[in-house]
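**Q** Residues per chain are reported as follows:
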Amino acid sequence: MKALSIKNLRKKYANGFEALKGINLEVDAGDFFALLGPNGAGKSTAIGIISSLVTPSSGSVSIFGYDLNTQRAQAKSCIGLVPQEINFNQFETVHNIVLTQAGYYGIASKQALKNTEICLKQMQLWDKKDTVSRRLSGGMKRRVMIARALVHQPKLLILDEPTAGVDIEIRRSMWDLMREVNRQGTTIILTTHYLEEAESLCRNIAIINNGEIVENSSMTQLLSRLQTDHFILDLAQPLSQAPKLNGFEFEWGNAKTLNVAVPKTEGLSKLFSDLSAQNINVISLKNKSNRLEQLFMDVVGSNKGKGK
Amino acid sequence: MNNSIALKTLLFKEVRRFMRIWPQTLLPPAVTTALYFLIFGKLIGDRIGTINGASYMDYIVPGVILMSVISHSYSNVVASFYSTKFQHHIEELLVAPVPNWIILLGYIGGGVVRGIVVGLVVTGISMLFAVITFQHIGIAIAVLLLTATLFSLAGFINAVFADSFDDISLIPNFILTPLSYLGGVFYSVSMLPDIWQTISMGNPILYLINAFRFGLIGITDVDIRIAFGTAIGFIIVLASFSLYCLHKGIGIKN
Chain A
1 MKALSIKNLR KKYANGFEAL KGINLEVDAG DFFALLGPNG AGKSTAIGII
51 SSLVTPSSGS VSIFGYDLNT QRAQAKSCIG LVPQEINFNQ FETVHNIVLT
101 QAGYYGIASK QALKNTEICL KQMQLWDKKD TVSRRLSGGM KRRVMIARAL
151 VHQPKLLILD EPTAGVDIEI RRSMWDLMRE VNRQGTTIIL TTHYLEEAES
201 LCRNIAIINN GEIVENSSMT QLLSRLQTDH FILDLAQPLS QAPKLNGFEF
251 EWGNAKTLNV AVPKTEGLSK LFSDLSAQNI NVISLKNKSN RLEQLFMDVV
301 GSNKGKGK
Chain B
1 MNNSIALKTL LFKEVRRFMR IWPQTLLPPA VTTALYFLIF GKLIGDRIGT
51 INGASYMDYI VPGVILMSVI SHSYSNVVAS FYSTKFQHHI EELLVAPVPN
101 WIILLGYIGG GVVRGIVVGL VVTGISMLFA VITFQHIGIA IAVLLLTATL
151 FSLAGFINAV FADSFDDISL IPNFILTPLS YLGGVFYSVS MLPDIWQTIS
201 MGNPILYLIN AFRFGLIGIT DVDIRIAFGT AIGFIIVLAS FSLYCLHKGI
251 GIKN
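Chains as they are written, first to last, in the working numbering: chain A, 1 to 308; chain B, 1 to 254.
Same shape as in the complex, but just chain B:
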């Protein structure tokens, strides 16, 4: 059994899926982020001045890019894997000699590719409004990949336990979006009262956004080593749990 062919097949299928419906998957983040940059960055941002030495527009660009990566890598995997379950074509994979780790890698790979493509689209849009200096490009790329992987895994677990389409929209709407907005996309955590600064430190997205901001414009509110440690730790835990679910057939087998 050639696992690399199975992985390539699954990955191509996943990429083909979101590319085929690009008006639903790639166009919305371009329009939404252009509006963010225009309204928050340009119209309101010009009156705010600078944050930690950067113009408000430059300051919000990394957070907006990473917020798009988070929501799209998550939604790609949760929607794709859940609809695979819902339409029963998960059975195509289950009857074939495809190991569980290949199934997981294929779906996560699809989510990561979508996250990266959306990230590039949003970066392209942001360059129309701001000057991105790519201070630490390696760190920016590493954070981008870790973030896309982490939220693809979270989306996979959501899909495994989902029993209806409502179940796949609850977490993005009521957990991911609030955590992203409160993760320092539009402000520096140092601008908050002490108690809210402390509470914010419990938000893992805050670390990722700051680490990505450090990679792009060299500014961060947190120690980026914590960002890497948190991301890698969560990835190991979520990947192990996903493999356990696949092994036990949770949500996919009787």
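Same shape as in the complex, but just chain A:
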């Protein structure tokens, strides 16, 4: 069963800008799917169309088999949206925001109260239920939007940069929440600029650039295309210049730091043994950049200018 099926979706704005150029995309039920792309690539337009906030120029969208044009109510009932910007009434209490959304989905009062309590507890907001929302911290506001999106128990949850601007601790706790929601059977589509987030959470991925899907595969397949890993090495003794070793490319960072490109064919064991042979001792190492980030830059970079 496809949670989302998009066929030949186009959007041309009144000013002539073509945000989507006939994209096709499918997301399986139960998936945790990343939709990535640089700013202005068309992600938000695509999400806007899926969640009925933007009118498409042509093409079709179906949600769990319901066509968004002809079976609008059924299709909409399947979706929960966590938008990029805070978009609830800042003068309402947390409880009323979530409860009201349940009412819009036609959930009877008793059940709506129950769902509201479950969602607020799940988002660790139950003790804030009577707080006027403008008094909440940024992280709490984001969690209110997730609780609101979940209150009607959607089958498809769309998270549009849900952790933008929140600190690392809250981001990690939100990752746990998202994993738990997905584990309970909800399909999740995530857009984010934190590629570490996408790599950590998502099983499948699509990259959109200049209004076109330029990559669509599983995360594992995509990452396996990386032929070289880049590391930063912290050294025990200072070096005056980068060493020369066959098969590895070094870049001298400073006296006690080296950047190294390690081809998958060579591996870290060979690197360490070759360095030891030259009396260079490594204290620690870390990835120079996130692996997905590297691939993302490659994919987006190679498509630069195509749509212009």
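The hints are simulated quantities; they were obtained by calculation from the structure and are not laboratory data. Each hint should be verified, as a subset may be incorrect.
[Unchecked claim] Simulated pairs of lysine-lysine, DSS-like, Cα-Cα distance not exceeding 27 Å: (1) Lys42(B) x Lys155(A); (2) Lys12(A) x Lys85(B); (3) Lys128(A) x Lys253(B); (4) Lys21(A) x Lys253(B).
Take the given structure of chain A and dock chain B to it, following the hints.
**A** What follows is chain B alone, placed relative to chain A:
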């Protein structure tokens, strides 16, 4: 999808909104109208005498009540729907399976309830100064409901096209208030020179105020059937246009 639950939710939200800020929404009309009755009705009115057989105080009461209903039902919807757009929480409704007619009915219902509550408050204040005989109560209630509905719809359309807070104050300040004051609230249209009588007949608020006055004290300058016809006609046109705007996403969708 249970549309009645969605409608009830939206309506309750709208009523809760204006009740929560009652010092801004319900108290001002009480104070303003008390001043109208005191200054125009009592201090000046005692020197004017009667109009069409009614004391000046009794004569102005229906117009003052309906003027409050007009301005508050309009301002409730225009302020609420525009701030919903401005803060983007209109998206809460757009992503949910709520039909457009429920969205319209919910906002108009909120405006009508505010109009009625304000009407009752002002009626209560007026009873401290005048004796209201409720000559044709059914007609008075019908005019009250039609007026609140009509101006709630007008407020909704204003909010749909508004791009700034300035846009939501232009029509109330420069169209509604002048039309209300020139709609025979404080005078009988028969007191005007012929040319102004003719011009006044083009003011729809004149018909509504006279029909409401007929309902409360049994006096009117116009045929009240025209008042009902005008109100119903405008309601049909404005409701159809509002639904068209929602369907096309004008002012709310890209």
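**Q** Are the Cα atoms of Lys128(A) and Lys253(B) separated by 27 Å or less?
**A** Distance of about 32 Å is beyond 27 Å: violated.
**Q** Can the restraint linking Lys12(A) and Lys85(B) be considered satisfied, given a maximum Cα separation of 27 Å?
**A** 23 Å, holds
**Q** Verify the proposed pairing of Lys42(B) with Lys155(A), using a straight-line Cα cut of 27 Å.
**A** Violated, at roughly 66 Å.
**Q** Checking one constraint from the list: CA of Lys21(A) to CA of Lys253(B), max 27 Å. Satisfied?
**A** Answer holds: Lys21(A) to Lys253(B) is near 20 Å, not above 27 Å.
Consistency note: the structure conflicts with the earlier hints numbered 1, 3.
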